[in-house]
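Peer 1: Here's the letter readout for the chains.
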Amino acid sequence: MTATVAFTSGFARKYTNGVREFEVEAHNLRGVIRAMDEMFPGLGHALEEETTVAINGELHETGYFQPVPPGAEVFFIPRIEGG
Amino acid sequence: MNDSTIVTDSVKRFKWIGTRPIRPDGVPKVTGRAMYGADLKLPGMLYGKVLRSPHAHALIKKIDTAKAAALPGVKAVVTSADLPEQKNEFIGPERVAVNFWHVTRNILAREKVLYEGHAIAAVAAISASIAEEAASLIEVTYEVLPHVIDVDEAMKPDAPLLFPDMIPRGMTEPNPKPSNISKRLEFVMGDIEKGFAQADVVIEKEFTTAAVHQGYIEPHACVAKMEADGQGEIWSSSQGHFQMRALTAKILGCKIGDLRVTPAEIGGGFGGKTVTYLEPVAALLSKKSGLPVRLQMTREDVFKGTGPTSGSSMWAKVGVTKAGKIVAADAIFKFQAGAFPGSPVMNACLCSYSPYDIPNARAVGYDVVSNRPKSAAYRAPGSPIGHYAVESVIDMCAKAIGMDPLELRIKNVASIGVPTIAGPKHAHAGFMETLQALKAHPAYANPPKGPNQGRGVAIGYWFNGGGESSATMQINADGTVLVATGSPDIGGSRASMALMAAETLGVDYNQVRAIVADTGSIGYTHVTGGSRVTFATGMAVVAATKNVIKDLIRRAAMIWDVDPEGVIWEDGFAKPAGANVGNFKPMSLAEIAGKAAATGGPITASAGVNAGAQAPGFAAHFVDVEVDPETGRVDILKYVAAQDVGRAIHPSYVEGQIQGGVVQGIGWALNEEYIYNAKGQLDNAGFLDYRCPVASDIPMIDTILVEVPNPVHPYGAKGVGEANICPPMAAIANAIETATHTRMTHLPMSPPRVLAAMSGGK
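In the order they appear, the protein sequences are chains A and U. Residues in the first sequence are numbered consecutively from 25, following our numbering. Residues in the second sequence are numbered consecutively from -13, following our numbering.
Chain U with its partners taken away, still in its complex shape (with noise of 0.2 angstroms):
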């Protein structure tokens, strides 16, 4: 954490908005007492093993459980047999259109197994020791077949087939035959072959990307309790406990108002925990022993058997002025949806020419499946792929006619008007104001002038989310005050929605608790994800205050004796409106508390919200790298990210959002890589193998809040979780070849691919 440079033009001043108190859940997270997935212990409960694939793509023969039931201590064992089979139909939008006979068969494998990890079965036992034995006494019969790791192979026409009946939806000729393109999309504004006419330079190259994982702390986990009457409870820590109940209910075939899930701390999710590998089976193992189940990961299922986010392979293509005007674009992404389809290549299309006013461009996108665990959300999903590609291209532009690479991008920004690629024009403003603090931040005018050492710029894009979030609020009869949300706490939002709920009431922050409720006892709430808490779910608890404020009046009138129009609220307490309404001393939040009785009852309120108009997050890095050119080892010798943060509520934690965001940028762009031998086996599934970035690894990242308020928030909110790792990859690249002359195509960009192409590619 640092105090970052905040620059703002507003002249509003809050008490609570923007002040820095300590987090609310922060001692017993330091003290090891927080209860995350795996530290809830229920009486009689049973300890579960999930049974996984050792081959990249087989037909299961048969799947023999005799023997593993048969081990004394064993409560049950379960397959696919046991539960519903369901249809194989795409349903709800096209970029998460989810298919429930792909989800099923991704949680316990049925016909085949696609990829390494794949579950098979599962047991539960009164120990984890007799349930490890269990597991490896069931017996499969497998027909190994050939498999396919690589996106530009798995597209070829005789690559192996992961579902041999599988149209690809979206290609342009006709009756394309059966692949593992599961879709092709495309978007297109102005006229491509015009715009590169008009252009001096055009730049254009092929990048591949590896899969990375979102490298959360901690590995999935939940306890389920399961009783005769149908009903059960799910404690679980994951980004949406209502996401993880629709999930599991759908899978179970049960009802949802038949499950309860509470939501335990999470220790990290970046998007990968806004799917359900376990619950549904925890579940089923508690129904058939009849008693509780505990199941969690090691973390060499999370690699093995959880998305990461997709590799890819792209070509991109940049048509530029002399005088600096982006005129055209082009790009393909390519990228591995993992072994089921749904990749995020749509976020790869739309994102990464939006923070550009180019009137000529085409993105293509293509959805493709292999033999590798199906991909799942991360942080931006598919912007910063697609980023990394267009924005080494725009940085070579930059080089080609000599421009500074920052002023490129302040030439050719997009301002409110301007059309996106996927049609509406931009609404918000802020990305002009970012690249300008950017580029007056006082290292800007001082590039490193060091032999192997070069800057590299880049910017990133993400449209932020909104949607549907519910909030709670209680006065106690001392005028403290609970707030409740359905919003999992990833990044600290219990402190910012204390803030919005004390700004809004005008009460001290600690007289305000932040909670997170379980399904049973808030309103339903989306995932946290999508950078949407602090912007949603922020509105809610908003929305909530203001209706136990009007309560407040409607009570303190009453109390008065007087017309509720003679009351106004302000600074915490209840006050006349005015001198004719009669001369009483302002009553405090506790004193209404106090006669919450004889006022007609508890003072709670509730507030549900679809939010909208969240405006876009919007990203600016410059990064200094030196290269040891013995090694091909990159230090990351500085680096300064600005960030269009709407409004900094909590600004600590706006600032390790993006410090948060950058370091895993820095591990996607150094060297995180899923690493796959040839039986398609990965080969790196721990931490000691997958190398995410340490402490030692990267200075302190100087962070710079630009403060342009979102005018639909109440305070000004706008996302800031994920636009800030969009533009790490591309900055380093770019910041390399300044240092090197060495255009690095090739994520990750570790040693021994920069000693390679540093070599000519010897």
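If we strip away everything but chain A, and leave its shape as in the complex, we get (with noise of 0.2 angstroms):
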């Protein structure tokens, strides 16, 4: 199943030479962090440490259990704490 992959540009400046959006074969968050990490080694653990994902919209802290249904977007932003 394909999920489209989004980083601010920031990240992706950090991590993917600039390229913010990327098409992975994945059926849950986990699968979708590792595709990534495959094509930049260290980018699971800066998934998994400075990020908060919405998979469609919906915020999420990254973990692996949640699913990604097919056609989904993905989109990894810096990690949120509030009051």
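Because the hints were derived from the structure by calculation, they are not lab data. Each hint should be verified, as a subset may be incorrect.
Unchecked claim - Using C-beta positions, here's what the derived DEER-type ranges look like: (1) Gly87(A) <-> Asn432(U): 37 to 43 angstroms; (2) Leu45(U) <-> Phe64(A): 42 to 48 angstroms; (3) Lys581(U) <-> Pro65(A): 54 to 60 angstroms; (4) Phe64(A) <-> Thr17(U): 56 to 62 angstroms; (5) Phe64(A) <-> Ala52(U): 36 to 42 angstroms; (6) Pro93(A) <-> Lys163(U): 16 to 22 angstroms; (7) Gly87(A) <-> Gly12(U): 47 to 53 angstroms; (8) Pro93(A) <-> Thr590(U): 32 to 38 angstroms; (9) Pro93(A) <-> Arg499(U): 37 to 43 angstroms.
Said to hold, decoys possible - Here are the simulated BS3-like pairs of lysine-lysine, each with C-alpha atoms no more than 25 angstroms apart in a straight line: (10) Lys38(A) <-> Lys73(U); (11) Lys38(A) <-> Lys163(U); (12) Lys665(U) <-> Lys98(U); (13) Lys411(U) <-> Lys38(A).
Glycine is no exception: its CB is placed at the ideal position from the N, C-alpha and C atoms.
Relying on the hints, combine the two individually framed chains into one complex.
Peer 2: Structure follows, in structure tokens:
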């Protein structure tokens, strides 16, 4: 199942040579993180440690277990915390 | 508390969700018996005192503790030399990255003091007065350095540097020099120049805001008891005892599992009690003395030694067509981080435009250190500050094109599928419903018409939080129910947890007792913050309850000697699923509990969740003010606050959250500020001079609870604690302009400033 992975421009500059969008095959977030880490070794760790993820706009802590529906947009943004 | 307007399209009816029972922690609190951080007294307990810096910026040449240690009754003296050094590296995500090299220096200063009130050393003695005297006997030799307080001054190339080797991160120019700028952030979508070219009206303005404190009523306090084998216990008032345990273990260099932290009742936090100041020091004093130690702050300590939220210097620019379409927006947010990096400037960048569908937008943020206490989270950290600038300029645009300010927002509000400046698209409804509910309020059609009176409108956005929570349910022998969670109860969450458990289990609310368990008695639970508890911990409670129900069905089936598939759970009773199962009388929770031993032992179940899809918070407010032209005093005549609350589990507490956010926003808008003298010392470190609003300053705040349920939560809950503090500052500034034709660009809009602005700055 193909998902579109997207990054902010700052994150992309830092980790993916400025490329902001990728197509990956995955059925959950673990698969997305692994696929990205294979393309950019070390990126998986950065995704786990530094990001919040929006799957089709729904915000989640970046984990492994979240399902990724076919055609989903998986957008990694800087992690958010509140007061 | 009031009976708010509740706007709901829900056809689903509940027995307990949405009711208003008396809070289970109410009686101990109103009778003075609730145990707060400073109330615990252990046998042999010592009293601690922290010595703080009188200087805003100075090198510590020497600390001599000999006289203090020699004072009779003194049992321990500690300095930073007693703490292990930490690596100078940022750990974790950018926004909340923690650098323990900084954290340990904030807890006890090392080479330098970086703000007045910076902790330097601490003592423990057999009485508070001896501890105080001992602290005064500690001799510190300083070399006073030039200091910088203001954020714009701190960014200048010739500013005194707090960290001479700190290279700014994220700067656009190559090889940036050391600076007080910790980092630069930039978020962009669309084409800014093209967007502004489409605008009929473009307005830009600069704004500044003062640092403001959360103003929690209870000063920080804790008791620590460390044993000779390295194990320890801490009782502490905080927003997260698991967080306090982890931070204390890291600072002390001990194992997390060696510490057990019990949450005391908490007298307010609003983000400011997610940070540790005292716990590691109390533990260190206890370790050194071999006795329990209590440390507590005075109000002056709280103001000088703990984190307020950032003050700021901002610029915002908005372009709009005559028809009312916002086509472009641009902003620069410069935030005071305090003495160590880590302001919430990223949240200002990400939240300020989020309520809108603006195709072309940019937000640039700077995190800047200066000689102030390290900033801490405060209710929707960063978002209210950014909203003040952007919502002010949007109001100016509405006035420039002659459009009702609420109508302009309705025309531009974001809907599902609209991208945010962070990148992801909005996934939840509720914004438009909230704006429409505010517009439908009977008072909206009747703006004030008296002299020097005016109305202002503003809106606010906050992400809301999810994340990790744990819950455990136990069924007692008489059918009463205990629900334990790891979330310190700041806003009435014990009642909300009990309501969700009672609804799910189908039993009477009064049969359920909810408690907050210590770190040794419940699974990990993230802090009470980010408006996450009712949502995330509520999901854990519902999951634990469902696990209990499965077990109850299994046990009822065993008692009836039938297959578990033949049993259902309904309205608090086990019932046969159909006539063919057998003619069994429904069995109550108490009846099954009475057979617990026979059916396998205690009835208990736990659940842990990492809750996501929490849905953001959205608030829309209007306020009517009257400005006294002779004094500049602003009176709030009427305040109406609408908010998308998902579903109000306990409406009274939701109303309380909204009213509380508005009141804090009014204080931020009109009076509250840190005032520094020329030496960099805080001149108003007390509630007499740091003026929070009191009851006589404000009218009853009308609340409109707009129920657009979150489909992910079993009962539709969304976080409600933070979005409400985002609109007030801009709403009041906008109202003042309507009343006086004077645009206020500095917070607080205190009487002298309003008077000066009305007289053209004279």
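Peer 1: With reference to the structure, classify each hint as holding or not holding.
Peer 2: Hint by hint, here is what the structure shows:
1. Gly87(A) <-> Asn432(U): 37 to 43 angstroms: violated, 50 angstroms
2. Leu45(U) <-> Phe64(A): 42 to 48 angstroms: holds, 43 angstroms
3. Lys581(U) <-> Pro65(A): 54 to 60 angstroms: Taking Cβ atoms as reference, Lys581(U) and Pro65(A) lie about 58 angstroms apart, which means the hint holds.
4. Phe64(A) <-> Thr17(U): 56 to 62 angstroms: holds, 60 angstroms
5. Phe64(A) <-> Ala52(U): 36 to 42 angstroms: Because 56 angstroms falls outside the window, the suggested range is violated.
6. Pro93(A) <-> Lys163(U): 16 to 22 angstroms: violated, 48 angstroms
7. Gly87(A) <-> Gly12(U): 47 to 53 angstroms: At roughly 37 angstroms between Cβ atoms, Gly12(U) and Gly87(A) fall outside 47 to 53 angstroms, so the hint is violated.
8. Pro93(A) <-> Thr590(U): 32 to 38 angstroms: At roughly 35 angstroms between Cβ atoms, Thr590(U) and Pro93(A) fall inside 32 to 38 angstroms, so the hint holds.
9. Pro93(A) <-> Arg499(U): 37 to 43 angstroms: holds, 40 angstroms
10. Lys38(A) <-> Lys73(U): holds, 23 angstroms
11. Lys38(A) <-> Lys163(U): Holds - the C-alpha atoms of Lys163(U) and Lys38(A) are around 20 angstroms apart, at most 25 angstroms.
12. Lys665(U) <-> Lys98(U): holds, 16 angstroms
13. Lys411(U) <-> Lys38(A): Answer holds: Lys411(U) to Lys38(A) is near 23 angstroms, not above 25 angstroms.
The earlier numbered hints that this structure contradicts are 1, 5, 6 and 7.
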